[in-house]
Amino acid sequence: MDSPLRLIASNPLDQLARTLEALLVVASAPLTVEELAEAADDEPERVEAALGLVRERYSEARSGIVLEHVAGGWAFRSSREAAEACARLFEKPAQRNLSQAALETLAIVAYLGPCSRPDIARIRGVAADSAVANLSERGLISEAGRDDASLGGAIRYRTTPLFERVFGLESLSQLPRLDDVGESADAIRDRLHEVAEKRSA
Amino acid sequence: MDSPLRLIASNPLDQLARTLEALLVVASAPLTVEELAEAADDEPERVEAALGLVRERYSEARSGIVLEHVAGGWAFRSSREAAEACARLFEKPAQRNLSQAALETLAIVAYLGPCSRPDIARIRGVAADSAVANLSERGLISEAGRDDASLGGAIRYRTTPLFERVFGLESLSQLPRLDDVGESADAIRDRLHEVAEKRSA
Amino acid sequence: MIVRELELDLDAFAGPFDLLLTLVLKDELDLRELDVAGIVVAFIERLAERDELDLEACGEFLVLISALLELKARGLFPEEAAELADLEPEAAAEELARRLAEYRRMKDAAAWLRERLESEGDRFFRLGPAPLAPKLETPLAPQEPERLAEVIRLLAKEPPQVSLAHMALRFPPVSQFLERFRSLLRRRSRFDFDQEVGELTRVEQAVAFLALLDMRRVGEITIDQAAPFAPIRISGTDVEREASWTVRSA
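These protein sequences, in sequence, are chains A, B and C. Under the working numbering, the first residue of the first sequence is numbered 1, with each subsequent residue one higher. Under the working numbering, the first residue of the second sequence is numbered 1, with each subsequent residue one higher. Under the working numbering, the first residue of the third sequence is numbered 1, with each subsequent residue one higher.
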């Protein structure tokens, strides 16, 4: 009589099951049977059957990885048994510092008033896209109309009330003075552009 | 007599191993032993031992999910066996079509980093702006402050953990030493000597 | 032995030496990709096949290869060329060799990275959060407003004079020297190369020399030198080819 171990090893679906495991561990969204079948270059029926094997292997109490069927398809999740550990992994202390790119972008928007990404990139001498995306996501800057008011103009950004709270300011007028750089926002802007041009010359 | 199956099931590290599986399947970047120990609320030594079990279970040929030590931590990836299926479903935005200029720039940042665009231009003999922008966009290098005093505030760059992950490196110290240049100079000299001897013979 | 007919078989180029020069002068071949040592080895091997030492060929080759090396060095270290020129020749050579070695090491490193990319290309991993992972929101700790001001001051700081502007520095076009030498030869039957280029920078001299070689190649001039290091004399040939001449390299 075959042992169960033998049976699993010789299952013709075993290789397909391994392929599905690989696809599911790389995916960042649930995968449908059709997507899995196309990627594995196999029949949807066989994929369904192999998914059964995978589900058996990755089930509660047997594994820390659990295969789950959700609205959009199939995806791995962590087991309930490990819920506490996962919560600890994701609960992070408040972030101490902003990156240099984020800080520069924030300072430019705060001191110069609404600016577009091209404005910021020109002053920093490097593309500002990811810094702007990051700061928007954190709610420290938000959209404030477009350059030239025309539809084609670049989106401008300004700081938010959350920015003022995080930096302990009642309003932007409380920002530290920068008279050594320029006495007005326009003067500071001119100075920064002038230096940026020299730097990139 | 206990069956081997029984032995594995009764391993006191088994529950910890399942917890590690759960943490690794939801993590978005490699986790260090310390991070795993903190989340699992266990001793780093026990975590190391349990990682051994997980590694054994999730290895090439045995599973579609493979545990690897990369970028200073531990992470799951797909098995090499499933590469074709993965390639049908997933893009590789970080490493597709890396140009020679980008690779040279990457090499300079990896070996000499953090370094600035002028540093890179000095070694490559051509402006590095587009290669640097391209590598930043791919997430292979990132800003690491500014070189304020000496270089007019040029932004410095270093490689990211994603770089190590893409290139399958445990850390930057795994980059090979590059001291074989002397050899090739010697080889040229030897050839010249050889020719000179033939002449005088 | 005719140097310009020297057959080369290098990674970046295979063919006669004069074709290589033409391609370099037309910017169709990147000097940085060129293994100059390989050319030297090829030349010496060719010399070794002969019984007698061909002094003229050696002289021509030396001048040519130094011009190529200088062009290559300028390409690799454009902004430092001026500062290298201030060094004693031996120190400059040492410094150049050091920097070439550094660049070479980085090229080796890039080659290693490319191989690695290929060998590790069948590993796939997830970028970003897992599909069913808890959402991660990291609050930001309170920040000092003074840091914003510091950052603006840093951005407003005058950059020192190590701009990349030097990179725009271009070599004088070969055509400039072709025209100059031709107009000279219309007025005089011969001229002394050293006298004509003595006031120029070394790079300009190198380009001027390449112009001469190109003129000689098509039989427009003859080049004479009484002895090594003696003045190089240029004479126009009698053949009237001005009308049919087109600038080949510039």
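It should be emphasised that the hints constitute simulated quantities derived from the structure, not laboratory data. In this text, a Cβ means the ideal position worked out from N, Cα and C, and glycines have one as well. Treat the hints with caution; some may be incorrect.
[Claimed, not checked] Cβ-to-Cβ under 10 Å is the rule here; a few derived chain C residues that face chain A:
id, residue
1, Glu7
2, Arg104
3, Gly128
4, Ala133
5, Gln143
6, Glu146
7, Leu148
8, Ile152
9, Ala156
Please write out, lowest number first, the hints stated earlier that are contradicted by the structure.
-> 1, 2
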